[in-house]
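A.B. asks: Letter by letter, the chains look like this.
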Amino acid sequence: MLDIKDLHATIEGENKEILKGISLTVRPGEVHAIMGPNGSGKSTLAYVLAGRDGYEVTSGSVTLDGEDLLEQEPEERAAAGLFLAMQYPVEIPGVSNMYFLRQAMNSVRKARGEAEITAAAFMKLVRERAAFLQVGDELLKRDVNRGFSGGEKKRNEILQLAMLEPKIAILDETDSGLDIDALRIVADGVNRMRSPDRGFLIITHYQRLLDYIVPDHVHVLAKGRIQTSGDRSLALELEKNGYGGVLGAEFAEAAA
Amino acid sequence: MSSVARNRTAEPVPAFTEAFERLRGDAAGSSGKAFEQRRAAFERFHALGVPTPRVETWKYTNAASFVNKPFALAPRISSEASQVIPHFAGGPKARRLIMVNGRIVPQLSHVGGLPAGMVVQPLAQVLAETPEIVDRASVNDEPEHSFEALNRALTEDGAWISLDDGVALDEPLQIISLLTNADHAFMAHPRHSIRLGKDARLHVIMTTVTVGPGESLLNQVETIDVADGANLTIDRTSQQGEGRSSIIRSRYVLGNRSRLQQSTVALGGSLQRHEMEVRLRGTHSEAILNGLMMPLGTEHVDTLIRMHHEMPDCESDQFYKTVADQRGHAVFAGKIFVHKDAQRTNSYQKNASLLLSDDAEIDAKPELEIYADDVKCSHGATCGDLDPASLFYLRSRGLDEALARSMLTFAFTGEVFERIQDKSVAHVARKMILDRLPGGERLADLG
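First to last, the protein sequences are chains C and H.
Residue numbering for the first sequence follows the numbering used here, beginning at 1 and increasing consecutively.
Residue numbering for the second sequence follows the numbering used here, beginning at 1 and increasing consecutively.
Hints in this document: simulated from the structure, not taken from any laboratory.
Some clues are possibly wrong.
[Unchecked claim] Derived DEER-like restraints, expressed as beta-carbon distance ranges:
#	chain 1	residue 1	chain 2	residue 2	range
1	C	GLU67	H	ASP183	38 to 46 Å
2	H	ASP373	C	TYR88	22 to 30 Å
3	C	GLU56	H	ASP373	50 to 58 Å
4	C	THR63	H	GLY243	52 to 60 Å
[Said to hold, decoys possible] Below, simulated DSS-like cross-link-like pairs (lysine-lysine); rule was C-alpha separation at most 27 Å, straight line:
#	chain 1	residue 1	chain 2	residue 2
5	H	LYS431	C	LYS110
6	H	LYS93	H	LYS59
7	H	LYS93	H	LYS33
8	C	LYS167	C	LYS124
9	H	LYS59	H	LYS423
10	C	LYS5	C	LYS20
11	H	LYS93	H	LYS198
12	C	LYS141	H	LYS340
13	H	LYS376	C	LYS141
[Claimed, not checked] Which bits of chain H does chain C cover? Going by a derived footprint, with three or more residues having C-beta under 8 Å, they are:
#	stretch
14	215 to 221
15	279 to 288
16	381 to 391
Every residue gets a Cβ at the ideal spot worked out from N, C-alpha and C, and that includes glycine.
Work out the full structure: start from the sequences and follow the hints.
C.D. replies: Pasting the structure below:
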């Protein structure tokens, strides 16, 4: 499904390579976790996959079901079935959350040549999906992310994921800034969206989230490369021994 | 005299003199002493001259463009109710004064059932019956302003609104000012006088619209007196077509513990300028001015504010947003004067701008002039493009770039129309904004 082959990327206008040859395949139904210390290139990978401006892919390829993603605009990638839950969701004053969700759904449907969802069908769906993320009507009616707490923003990201039903969902540090209850709600929401047709790429610094969303594969990204891969036990080993302990002293994070 | 002469550039076209002569004996208040006052004002207009760009307050807006066309007096035609009704705002109980080409049309107006002690009349009627009371308002001193002098010379009508002490009108009073289409350039010089007695309360909705194609000049003057404890809210919208120019000059005087809150959304037209002079002349009074400018094409919009804190313990807040696209040009010049007695003044000014095209221009000129030592004043002007992170966020959710840009632009304007007091006016303002955005119709059910 999602095939990343020898991906190299720099920040636009700078020579410094951030991604130095990443290869990774996510098949339908799989959950992959990418862990790594700060500055390893995790967020860059997420942004490059979603098509954010400001990065330059210098070599390599990314395809989704065989289609080249790197040539596409962010909205085309969304229509193709890629979703990125962001670390810092943006506030949009004057645009209600409910309206935004519907506009996003219909934009994606339109790009796929599907009919727009009716207001009634949308309402039914949004209420149902919002309920399992504990997003109440009040939050749906508020402006997108405006005045939302950190936890509310992250739940709202997962609600968007649930509404857009992507083929591949990337979660960029969705656990950051969440307390344990919020983490559990978010993880439950993600787990409900797991399906044999959908892949997940979960980017996280800590293994805590992976106690709730159990990955099939764990990769450790450091210095722009996947240094090692394994199953869930790799995450637990990282928790115990740190990046330095698993990868070698040169990868150790500076003590806070 | 030499300083006056230096400030003159373009001679006003002869059309003004012709118009002045034609009004004689014809318009209300154009005979006897009233006419002499008009003549004095007209001479004053000529003596003051048309300001050049060297005059500080006219640096970015070409005053000559107001006087370089053969504007004739506005055609004396009425409008169909069907042209006016779509612009009704303020709910079914609102009173309405309809003005077409600068003249009140009583048949279309509805100002019945006013509380005792409140008068709403056409200015023409007051000029005809009791001209001596017109110039009695405290804000009417000798005009030091060319276009105000011109207005005084050529005015035919306007709204005369007066509330005695303690009188409150619960529903809004809407003034709809409609400028018709015409096959020749024309001008209108309406003059509004609004006086709130002590503890009076009024909510005015001012709706200015132009109908169809045509060239026109609207030169409007408003003198507004808000006495001690009185409360005035004004919601303004202005929608003008290409070839339309307007200059509106609003002069406010506020007494002790009084309050003024105004919101303005002025869109379209070739040239729109709104000058506001607010004098906080009592203690503990408050003035709030909000507005949105949004020039597109080759439109030019100009907001000039002079906020005078003359007495202690007053508060003022100016909050303006600007969106300039294509070759649009917006000017915001806001000045806060804190006079030497005005201790414990709180005065704020914020002007945030979005510059969406390389050919658009925004000139922001915030100024403070402070003569008291115990004051809190702030001013801030920001100018930028849409936030790339926000654009990416929307596009990553499937919205195409044009729609994402329109949505963020709309969101930027939201803070202004949220401050409009009347819901129906806010709704109109919202639609006006959406109509200017590419793909705006797709954002229509945004709420």
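A.B. asks: Please go over all the hints and tell whether each is borne out by the structure.
C.D. replies: Hints and how they fare:
1. Restraint check, GLU67 of chain C to ASP183 of chain H: a C-beta distance of roughly 59 Å breaks the suggested window 38 to 46 Å.
2. Checking the proposed 22 to 30 Å range against ASP373 of chain H and TYR88 of chain C shows it is violated: the Cβ atoms sit about 43 Å from each other.
3. Distance hint check: the CB atoms of GLU56 of chain C and ASP373 of chain H are about 56 Å apart, consistent with the given range 50 to 58 Å.
4. In this structure the supplied range 52 to 60 Å holds for THR63 of chain C paired with GLY243 of chain H, their Cβ-Cβ distance being about 55 Å.
5. The suggested pairing of LYS431 of chain H with LYS110 of chain C holds, with an alpha-carbon distance near 24 Å, which does not exceed 27 Å.
6. With a C-alpha separation of about 44 Å, the suggested pair LYS93 of chain H and LYS59 of chain H falls outside the 27 Å cut-off, and the hint is violated.
7. Among the hinted pairs, LYS93 of chain H with LYS33 of chain H is inconsistent with the structure: their alpha-carbon atoms are about 40 Å apart, more than 27 Å.
8. Only pairs whose Cα atoms come within 27 Å are accepted, and LYS167 of chain C paired with LYS124 of chain C is accepted, the gap being roughly 22 Å.
9. Using a Cα cut-off of 27 Å, the hinted pair LYS59 of chain H and LYS423 of chain H is violated, with the two alpha carbons roughly 36 Å apart.
10. Taken as a hint, the LYS5 of chain C and LYS20 of chain C pair is honoured in the structure, with Cα atoms around 11 Å apart against an allowance of 27 Å.
11. A C-alpha spacing of about 24 Å is found between LYS93 of chain H and LYS198 of chain H, which places the hinted pair at or below 27 Å, so the restraint holds.
12. Proximity of LYS141 of chain C to LYS340 of chain H is assessed by CA-CA distance (about 48 Å); at most 27 Å being required, the pair is judged violated.
13. Between the alpha carbons of LYS376 of chain H and LYS141 of chain C the distance comes to roughly 37 Å, so the proposed pair goes past 27 Å and is violated.
14. Look at the stretch 215 to 221 of chain H against chain C: 0 of its residues bring a Cβ nearer than 8 Å to a Cβ of that chain, fewer than three, so the hint is violated.
15. Taking a C-beta to C-beta cut-off of 8 Å, the stretch 279 to 288 of chain H contributes 0 residues in contact with chain C, too few for the three needed, and the coverage statement is violated.
16. Given as covered by chain C, the stretch 381 to 391 of chain H passes the check, having 4 residues with a CB less than 8 Å from a CB of that chain where 3 are the minimum.
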